[in-house]
Amino acid sequence: MKKVALKIAYIGTNFHGFQRQPNHRTVEGELIYTLKKLGYIDDLSSSKFGIAGRTDRGVHSLGNVISFMSDREVIVNQINHKLPEDIQIIAKAPVRYGFKPRYAESKHYRYVFFEENLNISRMNELASLFEGKHDFTNFSKRNNSQKTTVRTINKIEIMNNNTNINTNNADINNNINSNYNNTTNTTNTTNNNINNLDIDTESLDTYNFDKEYSQKLENPNYLKNSPKYISDLKESGDFIESHYIGELKAIGRFNENFQNVNFNKSSYEPVFIDIYGESFLWNMIRKMMRIFLFVGKEEMEVEEVKDMLDPTKEYNIKPLNPENLILMDIDYNNIKFQYDDYALEGFKRVLVRNLFDYKMKISLENSLLNSLESLK
Numbered sequence: 001m002k003k004v005a006l007k008i009a010y011i012g013t014n015f016h017g018f019q020r021q022p023n024h025r026t027v028e029g030e031l032i033y034t035l036k037k038l039g040y041i042d043d044l045s046s047s048k049f050g051i052a053g054r055t056d057r058g059v060h061s062l063g064n065v066i067s068f069m070s071d072r073e074v075i076v077n078q079i080n081h082k083l084p085e086d087i088q089i090i091a092k093a094p095v096r097y098g099f100k101p102r103y104a105e106s107k108h109y110r111y112v113f114f115e116e117n118l119n120i121s122r123m124n125e126l127a128s129l130f131e132g133k134h135d136f137t138n139f140s141k142r143n144n145s146q147k148t149t150v151r152t153i154n155k156i157e158i159m160n161n162n163t164n165i166n167t168n169n170a171d172i173n174n175n176i177n178s179n180y181n182n183t184t185n186t187t188n189t190t191n192n193n194i195n196n197l198d199i200d201t202e203s204l205d206t207y208n209f210d211k212e213y214s215q216k217l218e219n220p221n222y223l224k225n226s227p228k229y230i231s232d233l234k235e236s237g238d239f240i241e242s243h244y245i246g247e248l249k250a251i252g253r254f255n256e257n258f259q260n261v262n263f264n265k266s267s268y269e270p271v272f273i274d275i276y277g278e279s280f281l282w283n284m285i286r287k288m289m290r291i292f293l294f295v296g297k298e299e300m301e302v303e304e305v306k307d308m309l310d311p312t313k314e315y316n317i318k319p320l321n322p323e324n325l326i327l328m329d330i331d332y333n334n335i336k337f338q339y340d341d342y343a344l345e346g347f348k349r350v351l352v353r354n355l356f357d358y359k360m361k362i363s364l365e366n367s368l369l370n371s372l373e374s375l376k
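Counting from 1, position 184 in the sequence shown corresponds to residue 184 in UniProt numbering; the numbering is continuous, with no gaps.
For the record, the hints were derived by calculation from the structure and aren't laboratory data.
Possibly wrong hints are sitting among the right ones.
Stated by the list, open to error - Each computed DSS-like pair below joins lysine-lysine, with the alpha-carbon atoms no more than 30 Å apart:
1) 3 <-> 336
2) 48 <-> 92
3) 100 <-> 36
4) 141 <-> 297
5) 313 <-> 141
6) 48 <-> 36
7) 147 <-> 100
8) 147 <-> 306
9) 37 <-> 336
10) 155 <-> 306
Make the full structure from the sequences, and use the hints.
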């Protein structure tokens with residue numbers, strides 16, 4: 001038997017996180033089901049099945065890693081053919097028997113903001129504060145089983161202009177149409193009929209599933225609807241509580257008011273925060289992103305954050321919503337993954353179709369907004 005490591009890309013929107021859970025659709029659950037069905041593994045114990053990271057529900061990935069022992073040669077596209085389209089294996093590497101994917105050299109996460117007029121200079125100042133070795137007790141979900149809350153952040157990079165992402169509406173349209181035409185030409189599996197790209201939630205959830213598994217998904221207790229993350233933003237607004245001074249103290253508010261929002265304004269552009277480290281605590285990154293948002297919106301001074309890195313002072317920081325978070329990659333010493341071009345193109349096609357679908361929804365709702373304005 002040989003051991004192999006696989007890099008997994010997935011769109012986290014319709015998953016209840018990575019780790020398998022009873023009566024919930026999870027990334028790990030889908031992978032285990034497919035690997036067993038194809039005969040790559042018999043059971044988790046004998047196959048030494050392991051995972052690198054347990055991403056929360058809604059979090060996406062381009063580089064999570066699993067490993068297992070198998071007496072068969074792993075064929076990436078055979079597995080991908082049986083997986084749902086929102087999970088795909090994009091790379092593989094042979095690894096030694098003792099390899100454990102959770103022991104990584106470095107993990108790379110990206111968080112995407114879409115906010116008006118964020119102060120990038122202040123956010124960079126905060127990034128410098130977070131870099132290095134700190135006790136992140138106040139930035140983790142408290143867990144008594146955690147041996148230590150000390151973590152080292154190697155680097156944080158902030159970008160407000162990504163050359164791979166067009167923020168101009170015309171450029172977005174051209175990019176989507178170009179990618180759509182390219183993918184249809186190379187695959188010869190779809191025509192130019194726009195209706196073929198209209199994917200509803202139900203078809204997305206069960207796409208590429210065999211009949212037996214699709215029937216299992218008909219159980220409403222198994223496949224849950226996407227969580228309503230917007231409720232996270234509509235709560236009281238007191239997202240940070242300080243208890244160490246003997247009273248409840250709210251620091252900063254995040255009040256959503258879309259009444260005067262103009263999404264065509266150039267001041268609305270994506271801001272990307274890339275964070276690199278060996279390991280992270282549960283909810284650590286999303287809690288850090290909450291503070292980045294406060295500082296970027298100038299609702300909090302960087303100096304105030306220093307106290308939050310003091311474990312003797314207790315703060316309860318509410319994590320920012322998970323659907324903006326991507327696990328970009330996981331690196332290991334002396335392991336080189338071989339990426340599969342066909343698998344990468346397949347996952348790209350899924351993303352392009354989703355992007356096209358979002359574009360259509362945005363156009364529809366824009367039309368509704370404009371029509372409402374004309375009624376005044």
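Distance restraint between residue 313 and residue 141, which requires alpha-carbon spacing of 30 Å or less: 15 Å, holds
For a C-alpha distance cap of 30 Å, please report whether residue 147 and residue 306 respect it. Status holds; Cα separation ~23 Å.
Straight-line alpha-carbon gap residue 48 to residue 92, limit 30 Å: 16 Å, holds
Between the alpha carbons of residue 141 and residue 297, is the straight-line distance 30 Å or under? Answer holds: residue 141 to residue 297 is near 25 Å, not above 30 Å.
Taking 30 Å as the top limit, are the C-alpha atoms of residue 100 and residue 36 close enough? The hint holds at about 20 Å.
Hint check: residue 48 vs residue 36, CA-CA at most 30 Å. Holds or violated? 13 Å, holds
Taking only the CA atoms, is the gap from residue 147 to residue 100 under or equal to 30 Å? OK: residue 147 and residue 100 at ~19 Å, within 30 Å.
Hey, residue 3 versus residue 336, does the alpha-carbon distance stay inside 30 Å? Judged against 30 Å, a Cα distance of about 14 Å means the pair holds.
Assess, step by step, whether the Cα of residue 37 is no farther than 30 Å from the Cα of residue 336, and give holds or violated. Roughly 28 Å separates the two Cα atoms, so the pair holds.
Keeping to a limit of 30 Å between CA atoms, is the pair of residue 155 and residue 306 held or broken? Holds, because 18 Å separates the two Cα atoms, which is no more than 30 Å.
Of the hints listed earlier, there is not a single one the structure fails to meet.
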